[in-house]
Each structure stands twice: as structure tokens, then as C-alpha cells.
Amino acid sequence: MTSDMTLPLYQTLTADETALSAQVSLAGDNLQDIRRTALERFKAIGLPTLKTEEWRFTNIQRYLKEFSYEFLHSAVQVSADTVAPATIAGLDCYRIVLVNGHLETALSELPAGKGITIGALSAHTTAPGFTTWFNEQPHLASAVLAQLNTALFADGLYIELAANTVLEKPVHIVHVYTSNTPAFVQPRHLWVLNRCAAATIIETTVHPNSQAVTFANSVLETVVMENAELWHYNVQQGAENFREVHTTAAQQYKDSRYHHYNFTLPNTPFTRNNLSVALKGSHTETNLKGIYLANKHQHVDNHTFMDHIMPDCYSNELYKGVLLDSSNAVFTGKILVHQEAQKTNAFQQNNNLLLGDKADINSQPQLEIYADDVKCSHGFTAGQFSEESMFYLRSRGIGEDAAKALMVNAFSHDITNDVSIPELQQHLQDQIAGIMNN
Amino acid sequence: MLTIKNLHAEVEGKKILKGINLEINKGETHAIMGPNGSGKSSLASVLAGRDNYTVTEGEVWFNGKNLLELSPEDRAREGVFLAFQYPVEIPGVSNLNFLKTALNEIRTYKGLPPLEAKEFLKLTKEKQQLVDFHSNLMNRSLNEGFSGGEKKRNEIFQLAMLDPQLAILDETDSGLDIDALRIVSNGVNKLRDAEKSFVVITHYQRLLEYIIPDFVHVLYNGRIIKTGTKELALELEERGYDWLKEELHLKESV
Ligand SMILES: Nc1ncnc2c1ncn2[C@@H]1O[C@H](COP(=O)(O)OP(=O)(O)O)[C@@H](O)[C@H]1O
Ligand SMILES: [Mg+2]
Chain A
2 MTSDMTLPLY QTLTADETAL SAQVSLAGDN LQDIRRTALE RFKAIGLPTL KTEEWRFTNI
62 QRYLKEFSYE FLHSAVQVSA DTVAPATIAG LDCYRIVLVN GHLETALSEL PAGKGITIGA
122 LSAHTTAPGF TTWFNEQPHL ASAVLAQLNT ALFADGLYIE LAANTVLEKP VHIVHVYTSN
182 TPAFVQPRHL WVLNRCAAAT IIETTVHPNS QAVTFANSVL ETVVMENAEL WHYNVQQGAE
242 NFREVHTTAA QQYKDSRYHH YNFTLPNTPF TRNNLSVALK GSHTETNLKG IYLANKHQHV
302 DNHTFMDHIM PDCYSNELYK GVLLDSSNAV FTGKILVHQE AQKTNAFQQN NNLLLGDKAD
362 INSQPQLEIY ADDVKCSHGF TAGQFSEESM FYLRSRGIGE DAAKALMVNA FSHDITNDVS
422 IPELQQHLQD QIAGIMNN
Chain F
1423 MLTIKNLHAE VEGKKILKGI NLEINKGETH AIMGPNGSGK SSLASVLAGR DNYTVTEGEV
1483 WFNGKNLLEL SPEDRAREGV FLAFQYPVEI PGVSNLNFLK TALNEIRTYK GLPPLEAKEF
1543 LKLTKEKQQL VDFHSNLMNR SLNEGFSGGE KKRNEIFQLA MLDPQLAILD ETDSGLDIDA
1603 LRIVSNGVNK LRDAEKSFVV ITHYQRLLEY IIPDFVHVLY NGRIIKTGTK ELALELEERG
1663 YDWLKEELHL KESV
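Taken in order, these protein sequences are the chains called A and F.
So the numbering used here is basically just the index in the first sequence, starting at one, shifted up by 1.
So the numbering used here is basically just the index in the second sequence, starting at one, shifted up by 1422.
In case anyone wonders, no lab produced these hints; they're calculated from the structure.
Just to be clear, a hint being listed does not mean it is correct.
Claimed, not checked - Quick list of in silico lysine-lysine cross-link-like pairs, DSSO-like style, CA-CA up to 30 Å:
no., chain 1, residue 1, chain 2, residue 2
1, F, Lys1673, F, Lys1487
2, F, Lys1618, F, Lys1487
3, F, Lys1427, F, Lys1540
4, A, Lys405, F, Lys1448
5, F, Lys1573, A, Lys405
6, A, Lys290, A, Lys255
7, F, Lys1673, F, Lys1648
8, F, Lys1667, A, Lys405
9, A, Lys405, F, Lys1547
10, A, Lys405, F, Lys1544
11, F, Lys1532, A, Lys405
12, F, Lys1427, F, Lys1532
13, A, Lys405, F, Lys1612
14, F, Lys1437, F, Lys1612
15, F, Lys1544, F, Lys1522
16, F, Lys1427, F, Lys1648
17, A, Lys297, A, Lys405
18, A, Lys255, A, Lys297
19, F, Lys1612, F, Lys1673
20, F, Lys1487, F, Lys1648
21, F, Lys1487, F, Lys1522
Generate the whole structure from the sequences, applying the supplied hints.
Encoded structure:
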């Protein structure tokens, strides 16, 4: 049995029948039934191949095989210095540090107060919010990597805001990914905002660069209850020694607002973001905005799903890509409007700047509309900088690189400009300018 | 300051400039007139370094430097400025950020430190007044949604900010009403001094009543076919270009 536990991940996932079950028993918590069901689902669906509809343009097996990854369940200690680069200048916030998904209390300031429950997920598996919502988002059942996470996750962050609870400052979650040997880590988070609650949550990542490669397969479930509002910023800082499948599964109830902003920055060779929103109540608003700025041989796949189940909901999705070098992006925008979801407004747009000679984008709108009284649209563009604009800038003494930086900043402007926190907005603009001027 | 010798240029295989010769000294203002399509904007583009034009023959010297060998940005940094006939709109690039970047890139080239925020603002305020450029346009995207007149004023405002040695104004007067024309011309006149030179491209004599040139050249079919003083502009206004074209054909048939 013990030898099974040190099998490389890929073999464990594909060949060995008993090793995975052994991993589940290791968890030793009150979730064994959920974990075993998930494991069965994982085995039944199997690892995606290029023939799997949802993975046609992303060969995940290639990345799983790339290193001899092992499951890493235990916590790793990091110092305050490690986390320092994550600071967003001037931002007054609650900072929470997770190392490979494990809460590092010594480096975290948890918001406290009436109606706020926040802490390690493992410490809240009997909380009412957990028992009601954990693993309940309807799209997770068919998402094979999410099932793997459910079966074998170690820990993550649990947030529950009671009705009418408003977090006055943003929460900044710093995810540190670090290991001495190639590691496969599976953070799992659950955030529940009850009626009329409101929060702003920023996620960023830190990857100490002397460390071995980590592959994160993380899952976040968010529940935004009636008239609640969540501003959610996910900044994937990017590093050579990181690979990621990142699943965000949201549910929204009546009159709620969910704003999801995703920024994928250079250097991580492989990123797959699954983002899905199930609208379980009417009169909701959903904004899904994303920028992916990729370089070298980076592969960035944003797989999004807006599930309009109820009538009178509004969703607006805008993803913009800047592809340098030989980077490669995939965008899938699925919009499903159920027959009952009359008066749906669902908009989607994907624009790309292909700046590298070998850069490539594969963009797939997938609209399935079963209601007749709806407004839906989608659009796609891919192009280069306008020569006229470049010449104009250069004719004013602005060098080619600086001109490109200005143009990329302009291209991403309608997303960065929407960022509700000025310090974060500045931070992102600086990041983008820094990358382009490099 | 600027010497153009036998300049030939083509675009998409089409010969546009067919042997331009022009000498511009410090402090001079030259007007270039000529019918539509004669190559005035092309000449301006070649001088500014637009890369869809290919120079097939000739030389251009600017303060002892071979201008044609410089990138567009280096030409600007050396002191050449083109006020575009049709300024582009660049959504998302704020006017202010654009100007700050341009100014500091030019300063860096000259070995100067970037301007302090305070100095920059002071300079901006001062130059805005010169062309009555509304400060609420400063924070907007570059030329986006600007009226024709606002775009032209922005060109002259940029000219004032960047303080070049040689300014080429390509039809800055077209599309301007008389009030705007006065404002823009006054702005230009205030910038004129013994060190700076201007090339004013227009096909309306009207502008030259406000910006009085030292020389007037007529560009036709890719060549300068006549050079005179400001009286030539008046004559063109009265008689049009046909008599010049006839003169030219007579000469060529001899
Ligand atoms: N990009 C281009 N491709 C082909 N022909 C061009 C291009 N730009 C200008 N031309 C041609 O060059 C000639 C001169 O144009 P232009 O320099 O704009 O004249 P002007 O400014 O004197 O009106 C015209 O015949 C015009 O059609
Ligand atoms: Mg012209």
C-alpha cells in the first residue's frame, strides 16, 4: 500500500486502481462518501483527451506527464518574505495567505465581526453553509478535474457571510505555490454570501522561483444568494514553474450580482480556467471579464459557461487576449438559455491581438438558445496593431516598444478601467506595461 | 536646416514623388500648395518616416543628419513634427498619458531627466491656452470622438508641447471655421521664432493670410513646379492652377 502512494501522478491517475482509493482514505475526514462518489465519477469519465468535446484544443495529458508529479497533501511553511511580492501598493485590505491551499494563519489577517465566518475549509466541514452548498454547483458533476479535486482535495478557504453582512475592506488572498519536488496540489474553496451580503475578493499568486514545478488543480465554489453582490478578481501572476487547472463554479440567486475578473499574466506554460455560472434566480446580473496576456510557448484556455436557467437575467462577457511570441490561447464561451429563461440578455465578446509571429487563438462561441424572447450576441476579433496608430505614436517620438505598451494598455483599457479598486487597477496597468516594456 | 535633394518616392509600386528639391533654413516658413492628389501629404509622410512609402532616389538632410536613415521616433526626437491632415483616434490611450510618454521619450533621447509631474502640468496648462484646447479633452482618449476642429487643435497643442525645430502642418486649416482658423493660426504664429521652421501645406490661400509665409511652392504631379513669395498664393487663388499646368506643358514640350 505505502509504495502506491509514491507512484507518479500520471500513472496513479491512469493505471493504478487502488492507489487513488488509498489516497482518499488518507484524507480521513467526514467526507468519505462524497469523496468516493467523486472518485468513481472521475474514473468513469476518465482523463480528457483531444477527443473529449470540452478539451478539443487543450492536451492536458501532455502537461500531466511532463514531470513526475506526486500528490502533496501536507502544508509547507513559508516566511513573510515569500509573500512580500504579492503586495498591491497602497491597498488597504485583509490579507490571507494560503500555501498550496493551506491557510497560513501566522501570515494572515482574517476579517472578524458579526456574521463573518472565515477560515480553513477543513475546519468547517460541518458548518451549515458547507453542508448545504459543498459540491452542489450543478456543473461540477460532469467536470472531470473538479471530481478529482473533490475526491482528493486537501484544504482551502471557507468564507461565509451571514445575511446583510458587508465586508468593508477587500479580502486579498495570496496563493503561494511551492514544493521541493514536482507536486500536484488541489486547493478547494467555498465562499457563501447570504442574502444582501457583499464582498470584494482579490486572488493573486506567488511562485518562489527556486522551487520545483507545482501543478494546481483548484476548485472554487461561490454562492451568491438573493440580492448579494460579489466582486471577484483573480490575478494569475504566472511563473515558469507553475501549471494550473482552475475551476470556478458560481451559483446566483434572485437579484444578485456577480462580477468576475480574470487576469492571466505571462510565463505559466499551461493554464486552463473553467468558469461557470448557474443562474438559479431571476433578475441577476453577471459580468465575466478577462484579460490573458501570454508569451513564449504559453497555452491559456478559458472555458466559460453562462447557464441561463431563470428569466430576466443579464450577463455580459468580455475576454481580451494579447498573444506574444508563440503563445496559444483557447476561448470557449458557452451560453445556454433554457426554455424558461425568457427575457434573457446575454452578450459575449472575445477580442485578440496576435502580436507574436506564431501566436494563435482558437475561439469558440457556443450559443444554445431554447427561449424565444431573448437578446443574445457574440463576437470575435483577432488582429494586429493598427499601423496608422503605431505611426502616429512613433511620429511623436515614442519608441516602438513604448508605443506597443500604450496600445496594449489601450486594448485592455475597457476591462482594467472597470476594476472597482483604484489600487488594483493601477497594479494591473503597471503589470501590463511592465511586461510590454520588457 | 532641411535639405531635400531630388527626392523620388513610391507607394504600392506607384510613383508619387518625382524629384523634389527644397531648402529650408532656420526661422523660415514655407507654404506648399497644389491641387488634390499632387503629393503634398506624401511628401509630409516621407519626411516623417511612414514606412509604406519607398524612397527610390534622392536624399534628405536635417541638421547634418541623414533623415531617411532614422526611424520615425528618432526623427521626432531630432526635432521633426508632422501635424497630420487626418489625426487618428486611439481609444484607450489618454491624451495626457500619451503626451507625457512622448515628451519623456524625447527628453530621454536628449539626455534630459523626465519632467516632474508639477512641471509637466504647468507646461500643459500654458500650452493649452495657446490654442484654447479644453482641459476636459486632456483626460479623454486620444482624439476619440473629437470634432474635426478639436483634432486639429490637438495637433497644434502637441506641437507646442513637443517644441520641434521643424513643423510640417498638413492641411491644418481644412475643415476649420473662421474662428478656429484664427485660434490655430495665432497659436502657430506665437510659436514662430528665429530658430524654428514651418512647412505649411494647404490648398486654401485663406490660411496664408494668417500664417504669412516667406516662400510659396506649388507641388504638382510629384514635383515643385513653381516657387514664389506670398503673392504667388494670391495669384493661385485668383487664377487657379490651370495656367501653371499649361506653362509646365509648354516647358516640357520645348
Ligand atoms: N497608400 C496609398 N496607396 C496608393 N496610392 C496612394 C496612397 N497614398 C497616396 N496615394 C496616391 O498618391 C497621390 C498623392 O496623394 P497625396 O500625397 O495624398 O496628395 P495631396 O496631399 O497632395 O492631396 C494620389 O494620387 C493618391 O491617390
Ligand atoms: Mg493631402
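So, going through the hints one by one against the coordinates:
1. Between F:Lys1673 and F:Lys1487 the CA atoms are separated by roughly 35 Å; this puts the pair beyond 30 Å, and the hint is violated.
2. A C-alpha spacing of about 17 Å is found between F:Lys1618 and F:Lys1487, which places the hinted pair at or below 30 Å, so the restraint holds.
3. The suggested pairing of F:Lys1427 with F:Lys1540 is violated, with an alpha-carbon distance near 44 Å, which exceeds 30 Å.
4. In summary, the hint linking A:Lys405 to F:Lys1448 is not supported, as the alpha carbons are separated by about 34 Å, beyond the 30 Å threshold.
5. Restraint check: the Cα-Cα separation between F:Lys1573 and A:Lys405 comes to about 22 Å, which is no more than 30 Å; the hinted pair holds.
6. Taking the CA atoms of A:Lys290 and A:Lys255, the gap is near 21 Å; set against the 30 Å cutoff, the hint holds.
7. Taking the CA atoms of F:Lys1673 and F:Lys1648, the gap is near 12 Å; set against the 30 Å cutoff, the hint holds.
8. Of the supplied pair hints, the one linking F:Lys1667 and A:Lys405 is violated, its CA atoms being roughly 45 Å apart against a limit of 30 Å.
9. Restraint check: the Cα-Cα separation between A:Lys405 and F:Lys1547 comes to about 28 Å, which is no more than 30 Å; the hinted pair holds.
10. Restraint check for A:Lys405 and F:Lys1544: the C-alpha separation of about 28 Å stays at or below 30 Å, so the hint holds.
11. At roughly 22 Å between alpha-carbon atoms, F:Lys1532 and A:Lys405 fall within 30 Å of each other, so this suggested pair holds.
12. With a C-alpha separation of about 28 Å, the suggested pair F:Lys1427 and F:Lys1532 falls inside the 30 Å cut-off, and the hint holds.
13. Distance restraint check for A:Lys405 and F:Lys1612: the Cα-Cα separation of roughly 34 Å exceeds the 30 Å cut-off, and the hinted pair is therefore not satisfied.
14. Note on F:Lys1437 and F:Lys1612: the hinted pairing is violated, with a Cα-Cα distance of about 37 Å set against a maximum of 30 Å.
15. At most 30 Å may separate the alpha-carbon atoms for a hinted pair to count; F:Lys1544 and F:Lys1522 meet this at roughly 12 Å.
16. Of the pairs offered as hints, the one joining F:Lys1427 and F:Lys1648 holds, with about 16 Å between alpha carbons and a cut-off of 30 Å not exceeded.
17. With a CA separation close to 17 Å, the supplied pair A:Lys297 and A:Lys405 stays within the 30 Å bound.
18. Restraint check for A:Lys255 and A:Lys297: not satisfied, since their Cα atoms lie roughly 43 Å apart, outside the 30 Å limit.
19. The suggested pairing of F:Lys1612 with F:Lys1673 is violated, with an alpha-carbon distance near 41 Å, which exceeds 30 Å.
20. Between F:Lys1487 and F:Lys1648 the CA atoms are separated by roughly 27 Å; this keeps the pair inside 30 Å, and the hint holds.
21. For the suggested pair F:Lys1487 and F:Lys1522, the alpha carbons sit about 26 Å apart, so the restraint of at most 30 Å is met.
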